[in-house]
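J.: Protein chains in written order, with this note's numbering: chain A, 1 to 147; chain B, 1001 to 1188.
Since the hints were derived computationally from the structure, they do not count as laboratory data.
All C-beta atoms in this analysis are idealised placements derived from N, C-alpha and C, irrespective of residue type, glycine included.
Hints may contain errors.
[Unchecked claim] Quick partial rundown of chain A residues pointing at chain B, CB under 7 Å, derived from the structure:
id: 1; residue: Val-35
id: 2; residue: Arg-47
id: 3; residue: Val-54
id: 4; residue: Ala-56
id: 5; residue: Leu-127
id: 6; residue: Ile-129
id: 7; residue: Asn-130
[As the list claims (entries may be wrong)] What the simulated footprint calls covered on chain B by chain A, stretch by stretch (three residues with Cβ under 8 Å from a Cβ of chain A suffice, anywhere in the stretch; the number is not a length):
id: 8; region: 1010 to 1017
id: 9; region: 1027 to 1037
id: 10; region: 1041 to 1054
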Amino acid sequence: MNHNDTVYRLAAHDAIESRFARSVVACLTESAERVSPDVSERLRFAREKALESVRARRGVDVVQTTGRSASGTAVLGFSRSPWWLRFASVLPLFALVGGLVLIQDWQARSQISVAAEVDEALLGDDLPINAYRDPGFSEFLKAPPSE
Amino acid sequence: MATDKELSDFLKSVEKRAWKRAVYAVRDDDAALDIVQDTMIRLSEKYADRPAAELPLLFQRILSNATMDWFRRQKVKNQVVRNFSEFETAGSDGDFDILETLEALGGPLQSESAAESVSRAQILQMIDSEVAKLPARQREAFLLRYWEELDVAETAASMGCSEGSVKTHCSRAVHALAKALKAKGIST
């Protein structure tokens, strides 16, 4: 038996096996299609349950994606967002803190200015004559200046 | 990424075969249903984002793992290992002559004259039974290779063995089935 014969016999052997196997699995397929309605229904239920989990997960992904694109603040804590997006989302917070500091400073300056105007008006105005009749004011005039 | 429809169609196309394969392995219809459901959920939760073309092989691997998990839960792992090792000791029975008798015949499986009165359903039941009797590894290789239509490399990857082992398992399974069916008067 030469090499060609051996190759031919092996190929023929494989072909026979394959043909037989496919005949058997055709019967198995036919058998599988004859499963009871109860089994079919339970398989359908299992399939639907699996698909529901996928839809739920994909729904969550869509919400996360939408939040990232629609609102910068909504992406805080979203671990997979790019660094510039996370930085941009923090900018409004910095602006808010800076604005509060400026407002507080402006209010303090405004109060000091008002107090200075009152003092200036008091000191620059003529002293009422009744002030000299006040014992406290007399004591104030007698007391040596503190500085 | 597989769409919902692709995933649904795939699961629908494979669910009954998967259930039958699980039944062959665990010999329990309800447990087989649980295994298939577990397999579907695992595939959907972990691999739904993979391309549709990858789903068949992933599904087969998950199904095999889910089946093994079931055996582990049942604390009969040793029995499984023993069943799985049967193919190692089962020698080739050299029944190529049986296959040679098949060569001259074609078409779908049909009953011989002695079994002509047997209904189609009974024939299918007998074939089903003979497939169930195959050693686990032979049956797994045979079903993955010919029923799930995986190629040799994919079958080997799914079973975690070499391609040579897959060919050996398949060949032995075919010989065993041919011999058993011939003995029952069924031929191709």
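J.: If a hint holds in the structure, say so; if it doesn't, say that too.
T.: Status of the hints after comparison with the structure:
no., hint, result
1, Val-35, "holds, 6 Å"
2, Arg-47, "holds, 5 Å"
3, Val-54, "holds, 5 Å"
4, Ala-56, "violated, 10 Å"
5, Leu-127, "violated, 88 Å"
6, Ile-129, "violated, 94 Å"
7, Asn-130, "violated, 91 Å"
8, 1010 to 1017, "holds (count 5)"
9, 1027 to 1037, "holds (count 4)"
10, 1041 to 1054, "holds (count 5)"
The earlier numbered hints that this structure contradicts are 4, 5, 6, 7.
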